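Chains as they are written, first to last, in this note's numbering: chain A, 1 to 115; chain B, 1001 to 1113.
What the hints contain is simulated information worked out from the structure, not anything from laboratory work. From a predicted model like this one, the values you see are computed outputs, not experimental measurements. All C-beta atoms, glycine included, are put in the ideal place defined by N, C-alpha and C. Please note that a few of the clues may not be correct.
Stated by the list, open to error - Label pairs and their computed distance ranges (CB to CB):
#	chain 1	residue 1	chain 2	residue 2	range
1	B	D1007	A	G52	34 to 40 Å
2	B	D1058	A	G52	29 to 35 Å
3	B	S1020	A	I53	41 to 47 Å
4	A	R111	B	N1027	29 to 35 Å
5	A	R98	B	S1069	31 to 37 Å
Stated by the list, open to error - Far from chain A by the CB rule (all over 12 Å, computed), these chain B residues:
#	residue
6	G1016
7	I1018
8	V1019
9	G1059
10	F1061
11	D1066
12	S1068
13	K1070
14	V1111
Said to hold, decoys possible - Derived DSS-like pairs: lysine-lysine, alpha-carbon spacing no greater than 30 Å straight-line:
#	chain 1	residue 1	chain 2	residue 2
15	B	K1100	A	K79
16	B	K1042	A	K80
17	B	K1042	B	K1100
18	B	K1070	B	K1002
19	A	K79	B	K1042
20	B	K1100	B	K1002
21	B	K1002	B	K1042
22	B	K1067	B	K1100
23	B	K1002	B	K1056
24	B	K1056	B	K1042
25	B	K1042	B	K1112
26	A	K80	B	K1100
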Amino acid sequence: SQTIHQWPATLVQPVGSPLSLECTVEGTSNPNLYWYRQAAGRGLQLLFYSVGIGQISSEVPQNLSASRPQDRQFILSSKKLLLSDSGFYLCAWSNEFRTPNSPLHFGNGTRLTVT
Amino acid sequence: QKEVEQDPGPLSVPEGAIVSLNCTYSNSAFQYFMWYRQYSRKGPELLMYTYSSGNKEDGRFTAQVDKSSKYISLFIRDSQPSDSATYLCATRTGSSNTGKLIFGQGTTLQVKP
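Generate the whole structure from the sequences, applying the supplied hints.
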């Protein structure tokens, strides 16, 4: 069966510090990968998605970047965090390649607090 | 206007009640519909996934889609305190391979023992 791992679960970082959040998927190949941010009372906002290695699409302009160095690895980064980057970051995957229009499956998220 | 509208609640019901959660959407190109359950400090978990208009049942859960009204619902029968969570509706067009979903804001449900 497929599993998705996301770490760390919580993170407290000072303003101006760098960020690296990692997500890996097991049990599948060629997944579509996604980074979402969830702010309180504001629903899920898609930040980045990737349909393959090295292929990154950005949905909103922001202080963050994403990379996909391997098929089942997705990384969310920032060179200098802002207070507004605080939030709950969720990684997700879908099996779009094998099963078009398949749903997304989420990891358990990273709660980031920028102080 | 948001593409998917969902009343954030909170919705509080007694244990055993039938719960009705609803979303409306504006884009008739949306073809696939999902309901996710999210417990506090956890990621969303897929509950129901449906394509066609009509009902889909899974245990105590029933998803209903009315494409003519652009209205989707999730019914929970015999609600339990463990059903207390935030419920998110989501949809997509199915016209590309990006797999991007459009989410509602989520409805917070509390089932009281």
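Results for each hint:
no. : hint                         : verdict
1   : D1007/B x G52/A: 34 to 40 Å  : holds (38 Å)
2   : D1058/B x G52/A: 29 to 35 Å  : holds (33 Å)
3   : S1020/B x I53/A: 41 to 47 Å  : holds (44 Å)
4   : R111/A x N1027/B: 29 to 35 Å : holds (32 Å)
5   : R98/A x S1069/B: 31 to 37 Å  : holds (33 Å)
6   : G1016                        : holds (29 Å)
7   : I1018                        : holds (25 Å)
8   : V1019                        : holds (20 Å)
9   : G1059                        : holds (18 Å)
10  : F1061                        : holds (15 Å)
11  : D1066                        : holds (20 Å)
12  : S1068                        : holds (21 Å)
13  : K1070                        : holds (18 Å)
14  : V1111                        : holds (21 Å)
15  : K1100/B x K79/A              : holds (26 Å)
16  : K1042/B x K80/A              : holds (26 Å)
17  : K1042/B x K1100/B            : holds (20 Å)
18  : K1070/B x K1002/B            : holds (13 Å)
19  : K79/A x K1042/B              : holds (26 Å)
20  : K1100/B x K1002/B            : holds (16 Å)
21  : K1002/B x K1042/B            : holds (25 Å)
22  : K1067/B x K1100/B            : holds (20 Å)
23  : K1002/B x K1056/B            : holds (26 Å)
24  : K1056/B x K1042/B            : holds (26 Å)
25  : K1042/B x K1112/B            : holds (21 Å)
26  : K80/A x K1100/B              : holds (28 Å)
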